[in-house]
Amino acid sequence: MTMKNIFFPIYQLGNPQLRIFRPNWFLTLVRPGKEQPPDTVQFRVPMEMTKYDVKNYLEKIYNVPVGVVRTRIQFGSNKKRNHLNQKVKKPDYKVAYVQLAQGQTFTFPDLFPDKTQAPTEGSMEEMQNKFMEDEKQRQKLDPRRGGVTEWFGL
Amino acid sequence: MATRCKLPLLFPKSLFKNQRFVHTEAAVTPPAYPPVVASLTAKSKSARLRQIDEQVQKICAAPVEEKLSLITRIQRKKFVVYPQTFARNADRWYQHFTKTAYIPGLPEKFSLGTGEGNSPSPADQTEIPGIDGDAFAEIRALVTRVILQQHWHMHKKRRPGVYNHQQQVMAPFLKNLVTELAYTVAKHNPLLLSSSLDFGPQVNFYWRRGQRIIPKGHRKGRLEPVRFQIDDSPNSQIRVTQQLPQFCPMEASYTADVPVVLHAPNLMPLFRRQYDNNIFTGAKLPDPACYGHTQFHLVPDRYHRDRMVKLQCPEQVEIFLRSNAIASLFCWTGAQAAYQGFWSYEDVCRPFVSQAVITDGHFFSFFCYQLNTVALSVETDANNPRKNLLWGSQSQRLFQTVQDGEVVGLNDGVIKLLVQFLMNRP
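Each protein sequence line maps, in turn, to chains A and B.
Note that UniProt numbering has the first sequence beginning at 1, numbered continuously upward.
Note that UniProt numbering has the second sequence beginning at 1, numbered continuously upward.
Read the hints as simulated data drawn from the structure, not as lab findings.
Be a bit skeptical, because a hint or two may be false.
Pairs of lysine-lysine, BS3-like flavour, derived with a Cα cap of 27 angstroms [what the hints assert, rightly or not]:
id: 1; chain 1: B; residue 1: Lys220; chain 2: A; residue 2: Lys79
id: 2; chain 1: A; residue 1: Lys34; chain 2: A; residue 2: Lys94
id: 3; chain 1: A; residue 1: Lys34; chain 2: B; residue 2: Lys78
Please take these sequences and the hints and turn them into a complete structure.
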């Protein structure tokens, strides 16, 4: 069954097991705002997904051993107003906290590490940096004057 | 001559005054002014400290009933700790909340007999002091009778539905087993003659551990202690008039290892509520049987090991049993200590010991708990080297099946441990 334009049929005793192939749902792994225990991973999931959907999704598609999933819906504020004084709604979203099984842990990686690499020898950047530094040095006053300006004196 | 003495012009009278008191004892003169202490009503930190100090002194000076009511007077939001919890890896969190170290295996007092096969070997029977071979055979027959009564002879018209099996079938079985065993072992253990056997008692305890910064509200930014409450209801428990002997000296717990969890308890998940703070052992304060002996807990259907296996988390079975033991036994021993007047600022001077058996009807697990410290709040735990100890065994089957009116595969080791637990006395 594809995901297009179907509404979930209500399950009644005797119905076949509902199976979804090629789900149209996409999970987003996010960095937790508050510190979470090491075995907990935080996702933003579509509103239509349930805890069991999230668990099956991760287990079947990504082979992630999932212990238990807890979800909550985050209300997006409707308080901000635009330049026409109309209320602007931030969309609601569902957050899933997934606890991993088999003692696995996960820490959200540092996506934007500080880059402090020195420019390579003989390249344009290095010569430009050196030139800028020399210029700045020339603009500075004589250090023996102790910060006094050159307006006075000879 | 006057000039040679080098005395001053005006003859000082203090010369004789000082000599007057040289050979007498240092007389204690009462202070002329009251001691300089911080104010009690000012809006300052020292005033707050003095208020807290006065309250602590007041509680220490009060008799036990008033002490309990003063400690549990003010209602605030607190974490409700459930001994039987669905949370994963709950035993590490509970160990941190109660400052308990887990020691796998039971103390040397209780030899873990493997007890394979139906026929008991003579060597096993003589190991229990006070119970000889005949008495053990009698107890064995008794256990067989109880099992057969519930699983073979009992015919209920209505078969238990989904999630009713443990409550309908195993709870009466455990109740019968405990009653029969307690009355039989009482012949050999005089402590049980003056004991009290409760069914479905309420056991509650309230304590504070750690602190947090209040994130929002009119008290934002201030420090607040984190409060916990356990409300437990075991299947049955035995309360006695004398304290059980300690398993190991308090100093031995100094080197024990307690896991520290830095995260807030609500991430476990654990939820906060505000209601009456209760401290209760199962009976009110004037009851003479104020010390605990053994508790018996039943594993409900929701946490049955078959269901855990079906949900693909078999390792959580043992974790559930351990966390149940930690929470229930800490609650019971803490309440016993509170009944004797020990609380956070007056730590226990002798260890409080209790035992528990947690079962789901087929598998039995045995736990022994020693409460060495009840001083768990931030100020009192700063230099407290003592830790509470929990010994626990792996779960073992009592019997395999019941076929044609016969119990197949009765495990003598489990019966021996049960009897040893009930025979424990000072």
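Okay, the hints, checked on the actual structure:
1. B:Lys220 x A:Lys79: Holds, at about 24 angstroms.
2. A:Lys34 x A:Lys94: holds, 16 angstroms
3. A:Lys34 x B:Lys78: Measuring from Cα to Cα gives roughly 20 angstroms; hence the hint holds.
In this structure, none of the earlier numbered hints is contradicted; all agree with it.
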